[in-house]
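Chains C and A supply the protein sequences, listed in that same order.
Following the working numbering, the numbering of the first sequence begins with 38 at its first residue and continues without gaps.
Following the working numbering, the numbering of the second sequence begins with 407 at its first residue and continues without gaps.
Heads up, some of the hints might be wrong.
As the list claims (entries may be wrong) - Simulated crosslink set (SDA-like; lysine to any residue; CA at most 20 Å straight-line):
| hint | chain 1 | residue 1 | chain 2 | residue 2 |
| --- | --- | --- | --- | --- |
| 1 | A | Lys736 | C | Gln55 |
| 2 | C | Lys39 | A | Lys673 |
| 3 | A | Lys468 | A | Val497 |
| 4 | A | Lys736 | C | Asn69 |
| 5 | A | Lys673 | C | Ala70 |
| 6 | A | Lys673 | C | Asn69 |
| 7 | A | Lys605 | C | Arg60 |
| 8 | A | Lys605 | C | Gln54 |
| 9 | A | Lys673 | C | Gly62 |
| 10 | A | Lys738 | C | Asp75 |
| 11 | C | Lys73 | A | Asn668 |
| 12 | A | Lys605 | C | Lys73 |
Bear in mind the hints are in silico, worked out from the structure with no lab data behind them.
In case you want the letters, here they are:
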Amino acid sequence: MKNLKLKAARASFDMSQQELADRVGVSRQTINAIEKGDYNPTINLCIAICKALNKTLDEIFWDSSTP
Amino acid sequence: MTKRTRIVTACILGIFVILFLLISFAPKHSYSVKYMAHVDVSGKTASPEGMSPGLYVSADGKYVFYFEWWPEEGPGYITGVNVTNESGESVCALTGQAVKSGSVEMDLKKGRYTFNCEYLTDSEAYADFVRKYIPDATIDEDPSETFKDGSYDVEYSFSIRESAKNYLLISMACGVLIGILLIILVIELSKKNAEVKMKYDERQILVQGKSFKYSFFTMIIYFVLLVFIKAAKLGLPIDDGLLIFLGVALGVCVMVTISIMNDAYFKMNENANVLIGFFIALSVLNLAVGIMHIVSGDVVKDGMLSFTSCANLLCGIATLYVLVILLIKKIKDRKED
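Generate coordinates for the entire structure from the input sequences, incorporating the hints supplied.
As structure tokens, then:
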């Protein structure tokens, strides 16, 4: 499932995928895969992304459609 | 690696490339003569009893004698060949027990060599020939089924070819050293930022694990099929070494395809263009050597595709395949953008 929250959070900082990737230490294609829903990141990567975007885990990675 | 070290490595690499090309393209002395014979065999007598074609060797060196004939089903006699030098001394002797015969490598001086052929029409004549000219040999099989009366038209080919064994070893060693030095240089040059270590991220490692898995199973299936083909004695006209190399190349191609198509081939902080340039150079070099082997007719030896002649061609095709997959990926990425 697509991660639109991540995309929105990244856009709010006017950050490109490459910039976010460089900050969290992964490739641009990995960030792209996470946003497209093709890859589920490890908890460490989730935390690194949240710290880079100054958001909480719930705000970016919690699937609001599930109870 | 400092700039000076890179330059030194590049120079050493250049020397080995030149040496490799000189050895690969160096002409090897080869002499051959073809001879049509019409032989009538009747009651243990052949008419004519033999023939004596000759060849002139223009330079001293290490050579191997070869003796072949057509049609392959063979006439009703065995041809015994005693090779003599200008002084009449026997240099080596061969008998036509297989479709093709070759001697061991030997030192030959410049001069004329004569292939003295005797048409041996019974087991006793054959045994006498072997005792006289090849005393160290043992006759393992009774050839009496070979001998038949009749008229036979046979084309013979006698050749003296310079031994490529030393050239082959040196060129293979050069090839390996060139490969190692190239890899070192390419790794150094492909770093975008020397301070940041090149590595794969977690997603890429997962994808590579999947690619290795598929590559492994592809190779397992290939080698199991190969075992069945060999057991069934289907007689593939391919050298065993080449069959094994083909399996490895197939596995590598599967791994590379999955890695490239899922963005797991190049590391982070890696300059892909340097690697692509390296693959282009590797492909061109290997294809050039492979085509050279095809043109010189070395690819098929004793009716089989040989590993030593086809390895470079196979490497060239494999690296070309990698380049094609990279191009497909690039086109796919552009369409998505």
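Tell me, which hint numbers fail for this structure? Structure breaks hints 2 and 12.
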